[in-house]
Every structure is written in C-alpha cells, then in structure tokens.
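Asks: Spelled out from the first residue to the last, the chains are:
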Amino acid sequence: MEISHKELKRVDLVKVSGRVDSSNAPELEAIFRTINESGRFRIVMDMATLEYISSAGLRVMVSTLKNCKRYNRGDLRLTNMSERIGGVLEMAGLDVLFKTFPNAAEAVGSF
Amino acid sequence: MTKESLNLTVSSNVANLRAIADFVTKAAQKANLDDNDTFAVQMAVDEACTNIIMHAYADTSGDIHLDCQVEPGKCVVTIRDHGRSFDAESVPPPDLTGDIEERRVGGLGLHFIRNLMDEVCFSSDPIKGNQVIMIKKASQNKQAEANKTFAIVAAHGRIDAAAAPDLESQLEALWTQEARIVVDMADVPYISSSGLKVLLAALRQTRRQQSQLVLCNLQPRVAAIFEMAGFDQVFAIGKDLKAAAQMLEQP
Chain A
1139 MEISHKELKR
1149 VDLVKVSGRV
1159 DSSNAPELEA
1169 IFRTINESGR
1179 FRIVMDMATL
1189 EYISSAGLRV
1199 MVSTLKNCKR
1209 YNRGDLRLTN
1219 MSERIGGVLE
1229 MAGLDVLFKT
1239 FPNAAEAVGS
1249 F
Chain B
20 MTKESLNLTV
30 SSNVANLRAI
40 ADFVTKAAQK
50 ANLDDNDTFA
60 VQMAVDEACT
70 NIIMHAYADT
80 SGDIHLDCQV
90 EPGKCVVTIR
100 DHGRSFDAES
110 VPPPDLTGDI
120 EERRVGGLGL
130 HFIRNLMDEV
140 CFSSDPIKGN
150 QVIMIKKASQ
160 NKQAEANKTF
170 AIVAAHGRID
180 AAAAPDLESQ
190 LEALWTQEAR
200 IVVDMADVPY
210 ISSSGLKVLL
220 AALRQTRRQQ
230 SQLVLCNLQP
240 RVAAIFEMAG
250 FDQVFAIGKD
260 LKAAAQMLEQ
270 P
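Residue numbers (my numbering), protein chains in the order written: chain A, 1139 to 1249; chain B, 20 to 270.
Worth flagging that the hints you see were computed from the coordinates, not collected in a lab. Here the structure is a predicted model, which is why all the values come from computation and not from measurement. Honestly, I wouldn't trust all of these hints.
What the hints assert, rightly or not - Just a few of them, taken from the derived set where beta-carbon distance is under 8 Å, the chain A residues facing chain B:
#, residue
1, A1194
2, M1229
3, A1230
Said to hold, decoys possible - If you want the footprint, here are the derived chain A segments under chain B, 3+ residues with CB under 8 Å:
#, segment
4, 1154 to 1163
5, 1179 to 1193
6, 1203 to 1214
Said to hold, decoys possible - Here are some of the chain B residues that sit facing chain A, going by a computed Cβ distance under 10 Å:
#, residue
7, N32
8, N55
9, M62
10, P113
Ideal Cβ placement from N, Cα and C applies to all residues, glycine included.
Start from the sequences and build out the full structure, keeping to the hints where you can.
Replies: Okay, structure coming up:
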C-alpha cells in the first residue's frame, strides 16, 4: 500500500494505492488522524489505484467519516472508485454513506 | 487437469495476509475462475484469516493452515487454526443500514465471506481445532444453470404430409439456438405418420446433441394415435405446459 497526501488550500487529498488490509489499515488511519488533529476535516480519498480494501480498511474510512462530519465541520469524500471497490462498499452497506465523484477535481471542488 | 491440491501454512500474523492473498489468487486462477470470482475468493480468505489472527489467536499465536482443492471452475478453500474456538452463529449480523452516527462496523468480515462465496461451513473440534470450508464456483457455470429457459413451439392445425415440412423446418431452426423445446399440441386435432416422422427425427436430434424435447397438451385423438404408434413410450409427454416444464427439470 502507498499513500500520498497532498494538502490543498481547503481540502486534503489522500491517494491510496495497492491493497489495504489489517496489516496496513493502521497506517491509513494514522494519516487521517494526523489530518484531523491539525484541524482539517475536508478530505478526498482518491481510489484510482486502490486494488483491494478489506473490512479493516472500511472501518478506518467509517471512523474517519464520522470524525470529519461531526459538528458539520467537514466530510470524507471519495473519487475514482472502481466498480469492484464500489461493489465492496455496497456489500457493506456503506455506499450510501459516502459522496463519490468521478474525478479528484470535482471531489475537491464539491467542498 | 483434474483435481489439484495446494497448501500453505503461515503463522498468525497480519504481515502474512499478502502472502495468503497471493497464494489464494494463484489457486483461483488455476481453477480458471475469472477476475471477479478470483477477487471474491481472495477477499473472503483475507477476511477469514484476519478473523483468525485477531480473534482466534488474539492472546496467543499459532499457525494457519490453508488448503485449496482446485478443479476447473471450482475452488474449495479449507482454513484451519488451533486458536480459540469460534461460533459463527453467535456473531450478530452487521448493521448495514442506519446513519453514520449509529453505524457499527462490526461483523462485516463474516458477512463478506458469506456473500462472496457460494458455500461456507464453520466447524470447531477440541482436537482438530477450528475449520472453515468455503467454496467458489465459476460464475459462468452458475449463469448457465440459471438460464433454464426453454422454447415453446405451438403447433396449429392438422400435422399431415402437407404441414409436416413446416414443423420440421421450425424445429430445425430452433435447435441451433435452443437446447430445450416444448411442443404445445393443444391446437392439433390430428397428426399423420408424416407428422410423427418429423417429431421422431427431432427426438433423435435431442439424443445426438444432448438437448431435450417434451410434448404437451395432446388432444385425446392425437394421444390415441401416439399410443397406436407406440410413441407414448418413446416421447416425454406432459399433461400441460407446467407438467412439461417439470419434465425438463428431470432429465
């Protein structure tokens, strides 16, 4: 798994590549936590090169979503989600919780 | 390739999940499963092994044994561990609705496993340990099983020497597309030997190409003609369309 984090003017863009499973989900969680702890709650997760995400990774996404949305201060939005990853979210009933966009620019611009 | 068996034993460490995924992916590909099915197997096994590491071996450590039995179109994965015993039935189903604040994200792994695989069976034994067997069959096989449709040919009027060729060409055309044909004879008051010949030829065709032909709704006079010719013993004849459909289900 590789994570690239770009801090834009108002939004943080986090691109996750490869596989997210129990072994590296804590790493992903740490990145999100760092962003939140610095007072930033608008995050876009770019899934263009995300091959696989297990329930462990989904748990991180949900807890980050909860934290960002609290007090209406932000959101975690998704972009470039493949059909397969979309299917995984759907299976978990999480597809209804996240706003998704076809590309990073639109996702960032949505805030 | 008939059946092949692949094995892997790893210690209960999340660092080994990648190796497990690679192993299972290779096995699924050997079974000629397509990308989606392979992804499903890999994900189900990942979730199962994660559960073993996090729960079965929560306070201890041990080995996880994976065994893949592969044959064309089918992959059977057996995962064994000697950790804390596990009762799959006691795990509450995950919360798949509810808004964000209420949503618990527990029990998802099990839900995924059951959703992704065709058959899942958990068992626990004080000596042999915990075991989960999960089976994935190639999706296109299941598609073929699901497409249990058949064509209905409704014959009309007397099937005599003049009309028989028409019925013959109708059936011949159908055999190129359909594997199961029901001939509805409700509107046929009479059939001559020419008509019987056409039906017999069609029946021979089914034996050659492993397809099925069933007749139904024979009028009493036509049924008598079939009996006289001994054809009632040779053809599958259903009382009505529903009976004919049922006969198709039991080859």
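Asks: Next step is simple, just say for each hint if it's right about the structure.
Replies: Hints, one by one, checked against the model:
no.	hint	in the structure
1	A1194	holds (6 Å)
2	M1229	holds (5 Å)
3	A1230	holds (6 Å)
4	1154 to 1163	holds (count 4)
5	1179 to 1193	holds (count 3)
6	1203 to 1214	holds (count 3)
7	N32	holds (8 Å)
8	N55	holds (7 Å)
9	M62	holds (7 Å)
10	P113	holds (7 Å)
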